[in-house]
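Q: In case you want the letters, here they are:
Protein chains: 2
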Amino acid sequence: MQRDDVTAVAGNGLLDRRLFLSGALKFSAIVGLASAGRAAADVPDEPWMREPGAAFSNYGAPSPHEKAVVRWISATAGAPTNGVSWSPLHELDGILTPSGLHFERHHNGVPQIEPAQHRLVINGDVERPLEFTIDALLRYPRVSRLCVIECGGNSNAGWLQKPIQNAAGYFHGLVSCSEWTGVPLRLVLAEAGIKPAATWLVAEGADAFGMTVSVPLAKAQDDCLLALFQNGERLRPEQGYPLRLLVPGWEGVVNVKWLRTLTSSDRPVMARNETARYTELQPDGSARMFTQVMDVKSLLTKPSAGMRLDGPGFYELGGLAWSGRGRVTRVEVSADGGASWADAALNDPVLPQCFTRFRVPWHWDGKPCVLQSRATDETGAVQPTRAALLEARGRHGYFHYHAIVSWQVDAEGVLTHTYVDAADAPAAATDPFDADW
Amino acid sequence: MQRDDVTAVAGNGLLDRRLFLSGALKFSAIVGLASAGRAAADVPDEPWMREPGAAFSNYGAPSPHEKAVVRWISATAGAPTNGVSWSPLHELDGILTPSGLHFERHHNGVPQIEPAQHRLVINGDVERPLEFTIDALLRYPRVSRLCVIECGGNSNAGWLQKPIQNAAGYFHGLVSCSEWTGVPLRLVLAEAGIKPAATWLVAEGADAFGMTVSVPLAKAQDDCLLALFQNGERLRPEQGYPLRLLVPGWEGVVNVKWLRTLTSSDRPVMARNETARYTELQPDGSARMFTQVMDVKSLLTKPSAGMRLDGPGFYELGGLAWSGRGRVTRVEVSADGGASWADAALNDPVLPQCFTRFRVPWHWDGKPCVLQSRATDETGAVQPTRAALLEARGRHGYFHYHAIVSWQVDAEGVLTHTYVDAADAPAAATDPFDADW
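As given, the protein sequences belong to chains H and E, one line each in that order. Residue numbers for the first sequence follow this note's numbering, so the first one is 1 and each next one is one higher. Residue numbers for the second sequence follow this note's numbering, so the first one is 1001 and each next one is one higher.
The following block holds chain H by itself, in its conformation from the complex (with noise of 0.2 Å):
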């Protein structure tokens, strides 16, 4: 097979979407090395068949050589209770994070919650103040969905002056995706009688931090779940064990952990994490508040900064994909810093606010390149490159950085985080990177 059999859809050799899946290349080719596909004769019995294995486990975990798939912890120095871990996206595949491997943010440690003393209250501006145990809650109607939840702060190296040389995950995965399971909020808003009067719900969880957020009534009236299930079974302590308030597509401090008020009203509650934090100057001289929805983003992960490739040759790109917004409809996939882009493959199912994997085909020709994605939703929204949200955000940007990502690939196959229109963004007073988001 020869490079020559097939043809470019734009710069720096990506191919069509459909060529890898549709049994027109011989796959030894595509791997170029010559121990991929080697000649079998006879086949040898590993040790491992001569004497029994393993016994059964009442609960199973990875194995002993993926030990190094970890969320990586950056707490403040002297208060490890208050960081997060991030979620090694650069390892794992497909649409779901593994529930041990689910990005964490706490203020200030996981609190050990006894279930069967925890409480969710639900009072203010209401009818009837209402007051459920879990095993009440459990009894309620369920509904489970697939979505991501992502920080607000999450990717906000990308502000920096320099990038940061850091694996996928380590920049990126302070967002994860999981299967959530609970009682749908306005089942529970409806029996408590919402006054006319209220627009606005303030959620408190029950940690040592006192995490309280506004959450508008008409979101928390829409989608909003009380979660109790993650992944199949009852949510992790460090996800809001045993109740959590899921707000879909908003950013992960509205999704409030460990759960106990919901308190009806007129306003917001202006918390620290509405005003202090989450609140931005912007280049007009204005501030952005309550910009809870998280926009449309991607990246590659497949290969991601400190990864190399193995020689000139086919690969596979792939990456994630989502929105706060709704369904990711389109991704794109450059291999010439922004100047040609060629369409990926959508793996199934697509779902709204969800991950999204997708995928394209690629001959390397060995030449220093710039690889990136760029993906679109449902409401037309494009994820936009680094100059344009400098540009539209101003140097005093936190959160909600969800720029296109470049990965630089040199003459070596290596690839580091790179910015391509590093020479338009305008100068930073100060370096906006700060652990304490």
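Fair warning: there could be bad hints in the mix.
As the list claims (entries may be wrong) - In silico contact screen, one side only, chain E against chain H (beta carbon under 7 Å); selected entries:
no.: 1; residue: VAL1043
no.: 2; residue: ALA1055
no.: 3; residue: ASN1058
no.: 4; residue: GLY1060
no.: 5; residue: GLY1100
no.: 6; residue: GLY1109
no.: 7; residue: THR1181
no.: 8; residue: GLU1238
no.: 9; residue: THR1261
Unchecked claim - Label-pair ranges, simulated between beta-carbon atoms:
no.: 10; chain 1: E; residue 1: THR1199; chain 2: H; residue 2: THR379; range: 30 to 36 Å
no.: 11; chain 1: E; residue 1: GLU1378; chain 2: H; residue 2: ALA61; range: 42 to 48 Å
no.: 12; chain 1: E; residue 1: GLY1078; chain 2: H; residue 2: PRO64; range: 34 to 40 Å
Stated by the list, open to error - Okay, the calculated bits of chain E under chain H, using three or more residues with CB under 8 Å as the criterion:
no.: 13; stretch: 1087-1098
no.: 14; stretch: 1207-1216
no.: 15; stretch: 1223-1233
no.: 16; stretch: 1273-1285
Calculated directly from the structure, the hints in this document are not laboratory data. Treat the numbers as computed from the prediction; the structure is a model and nothing was measured. Cβ atoms here follow ideal geometry from the backbone N, Cα and C, with glycine treated the same way.
Fit chain E to the given chain H structure using the hints.
A: Just chain E now, with coordinates in the frame of chain H:
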């Protein structure tokens, strides 16, 4: 809210499937418990709000309060590496099974494979015998799909003369649903060049049992995967790490774990697990062999055997349906032992060969009754009654039990497993239950 306000759509209080999510009912009435919606004046801090919580973790685990939610191990006396472990379906919700709770069936334990030493060999009637390292396979194109794997022996206690009294998962839980990601098998087979005479592919695992089964080439070239990832991360050891053959919709034994060879042939290998096992004498004296496709099936999990209803009132009935032949198109629920049926709501997405969660509202009047569910798939196949299955398959059945499951509710609200049509069943000469399937 009075019972009289809603109209039953089937006997013994089954309600319209849209009623619960419509907001037309007050759920404190549905739950029927004074403790469910208790008026809340002030909300004292909970004890875990007064001190910092637990630190971040590299890989999470369930809450200690959920430690009873485990796989139930049932291994052969004197041979602890031969047996099964059951998924606790009665404790789960949504369509995914956490990887740690995915059922196991091992013949000689879980081999501890060094992934760098593992090879996949493709040989037999091929133009080019091939040998792959895992690293080489990881460079190939991949696709993902959500689907179940079900042991051919799942639910086989249903063949017993008396209804077994186990929790639902420890009776029907040799089925689990995951997102599997891997290399389409047909790509690798095309590369090896299957010779025209070949019609079968013999797959062998690298465990100390040397599991060997035959797969028709047509199925291998259709939708099978060389699975490398499960639920986002690399396969778990007990699910075949580092490589598993995924055969969507077919009985678990064909989904060979720790896959090491695929041998192309013009005939099946007639291995133990397709002759001495998985072959069954029929009422007409013929033998049933190579019955690999799993039939349409469903069961109620919420509530199910061993649970207790907390008095008369409103309940959500919920459960799981699936079919090896494609999508589930309909699930009906009966509360009068099959005399009348109400359509259940199906939770999106409904995917082929995948768990589908169904739910229907119900008002229990406090009297004894029998709860059932009945699934239909896109081929038009309908889950049979137990009497119909026994009539068709006789009393030598051991595999592929998929009849309608009946839960008896007594006047105290306690659920037990029952046979509504036991009187019609022919007597078995011997008890077919046997731990060594």
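Q: Each of the hints needs a verdict: does it hold here or not?
A: Checked hints:
1. Hint on VAL1043 of chain E holds. Least Cβ distance to chain H is approximately 5 Å, under the 7 Å limit.
2. For ALA1055 of chain E, the interface hint holds, since its Cβ comes within 7 Å of a Cβ in chain H; the closest pair sits about 5 Å apart.
3. Contact between ASN1058 of chain E and chain H, as hinted, is supported at the beta carbon level, the nearest pair being about 4 Å apart and thus within 7 Å.
4. For GLY1060 of chain E, the interface hint holds, the least distance from its beta-carbon to any beta-carbon of chain H being 4 Å, beneath 7 Å.
5. Using the Cβ-Cβ criterion of 7 Å, the hint placing GLY1100 of chain E at the interface with chain H is satisfied: the shortest such distance is roughly 4 Å.
6. At a threshold of 7 Å, the smallest CB-CB gap from GLY1109 of chain E to chain H is about 3 Å, leaving the interface hint in force.
7. Checking THR1181 of chain E against chain H by beta carbon gives a least distance of about 4 Å; that is within 7 Å, so the hint holds.
8. The interface hint given for GLU1238 of chain E is met, as the beta carbon of that residue sits about 6 Å from the closest beta carbon of chain H, less than 7 Å.
9. Checking THR1261 of chain E against chain H: minimum C-beta separation of about 6 Å stays under 7 Å; hint holds.
10. For THR1199 of chain E and THR379 of chain H, the Cβ-Cβ distance of about 50 Å falls outside the hinted range of 30 to 36 Å, so the restraint is violated.
11. About 37 Å separates the C-beta atoms of GLU1378 of chain E and ALA61 of chain H, a value inconsistent with the hinted range of 42 to 48 Å.
12. For GLY1078 of chain E and PRO64 of chain H, the Cβ-Cβ distance of about 28 Å falls outside the hinted range of 34 to 40 Å, so the restraint is violated.
13. With 8 residues bearing a CB less than 8 Å from a CB of chain H, the stretch 1087-1098 of chain E meets the requirement of three and the coverage assertion stands.
14. For the stretch 1207-1216 of chain E, the stated coverage by chain H holds: 3 residues have a C-beta nearer than 8 Å to a C-beta of that chain, and at least 3 were required.
15. Under a criterion of three residues with beta carbons nearer than 8 Å to beta carbons of chain H, the stated coverage of the stretch 1223-1233 of chain E is upheld, 5 such residues being counted.
16. Closer than 8 Å: that is the beta-carbon criterion, and the stretch 1273-1285 of chain E has 0 residues meeting it against chain H, so the requirement of 3 is violated.
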